[in-house]
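Asks: Chain order of the listed sequences is A and B. In terms of this note's numbering, the first sequence opens at residue 26 and continues consecutively. In terms of this note's numbering, the second sequence opens at residue 4 and continues consecutively.
Mixed in with the good hints, there may be bad ones.
Claimed, not checked - Result set (BS3-like, lysine-lysine): computed pairs, CA atoms no more than 25 Å apart in a straight line:
#1 B/K107 with A/K139
#2 B/K10 with A/K139
#3 B/K107 with A/K88
#4 A/K88 with B/K10
#5 B/K100 with A/K139
To be verified - To give an idea of the interface, some chain B residues facing chain A are shown, with a C-beta separation under 7 Å as derived from the structure:
#6 P9
#7 G20
#8 L21
#9 G46
#10 P49
#11 A65
#12 F69
#13 Y83
#14 L98
#15 A104
#16 R108
To be verified - Label pairs and their calculated CB-CB ranges:
#17 A/F137 with B/F97: 17 to 27 Å
#18 A/M56 with B/L77: 30 to 40 Å
#19 B/S8 with A/G92: 33 to 43 Å
#20 A/W91 with B/D99: 32 to 42 Å
#21 B/R7 with A/F29: 41 to 51 Å
#22 B/I101 with A/I114: 20 to 30 Å
#23 A/M56 with B/K100: 25 to 35 Å
#24 A/M26 with B/K10: 52 to 62 Å
#25 A/A103 with B/K10: 17 to 27 Å
#26 B/P62 with A/L110: 29 to 39 Å
#27 A/A84 with B/T103: 17 to 27 Å
#28 B/L105 with A/I114: 36 to 46 Å
Quick caveat, the hints were computed from the structure, so don't treat them as lab data. Note that the structure is predicted; figures quoted are calculated from it, not measured. For every residue, glycine included, the Cβ atom is placed at its ideal position computed from N, Cα and C.
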Amino acid sequence: MADFLAALMAAVLGGMGVGGGSLFMLWLIFMKGMEQRTAQGINLLFFLVSGAAALLIHAGRRKLPWGLIGLLILAGSAGALLGSLAAGIIDPALLRHLFAFFLTLAGALTLFRKT
Amino acid sequence: MQIRSPKIRLLVLLAAGLGAGFVNGFLGSGGGILLVFALGLAGIAPRERFAATIAVTLPLSALSAFLYGRHVDLSAALGYLLPALIGGCLGALFLDKISTALLKRIFGGLVLIAGIGLILR
Chain A
26 MADFLAALMA AVLGGMGVGG GSLFMLWLIF MKGMEQRTAQ GINLLFFLVS
76 GAAALLIHAG RRKLPWGLIG LLILAGSAGA LLGSLAAGII DPALLRHLFA
126 FFLTLAGALT LFRKT
Chain B
4 MQIRSPKIRL LVLLAAGLGA GFVNGFLGSG GGILLVFALG LAGIAPRERF
54 AATIAVTLPL SALSAFLYGR HVDLSAALGY LLPALIGGCL GALFLDKIST
104 ALLKRIFGGL VLIAGIGLIL R
């Protein structure tokens, strides 16, 4: 039951587009005892389903910049190719640390900003 | 903070798209976060920002799943199919019910958690 609710919450957050994957990963790894690799795979598949369901609804309810989205998918695909190639060459720790720093800072600023 | 020049805006967006894909390809996930910030800089409205990011990351994630997803125990994933479907639909419907201020804070909190999780990894 808790498992269902945890997954449901992750899907709701993902459906809103605000994330949730990291929370789901924590659940899968620490509460379900999964290995990181497995959890990552499950998280990925999970998002494919929840995201697709959400997107169908979003597309019907709001005006999305589809031209821009298409461009970003192209750019993203190129980037993904470069990234996976680079992963075999560059030490992942450096980018991981940089990105972790950026996320923590950006996340904190966004969460605690005065509106 | 928003970028006014349309050319610079486009350049930033393309760079962000490239970067988001790169991060996903390199680390496995996280690129969508970059995208949300970039779309914000480009002046896209908050709810459209989040929805558009799903639209971009979905095919990219599908690509990842195809390339790397072969060693996943599918039986475990199958158990999550129902909450994924229900939650995804609910989330899309909730987007309009939650204030943009709260949405941004939730997003910020999740980004923070992602960052801390990455530090601890």
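Asks: Could you work out which earlier hints the structure fails to respect and list their numbers in ascending sequence?
Replies: Failing hints, ascending: 2, 6, 9, 10, 12, 18, 19, 20, 22 and 26.
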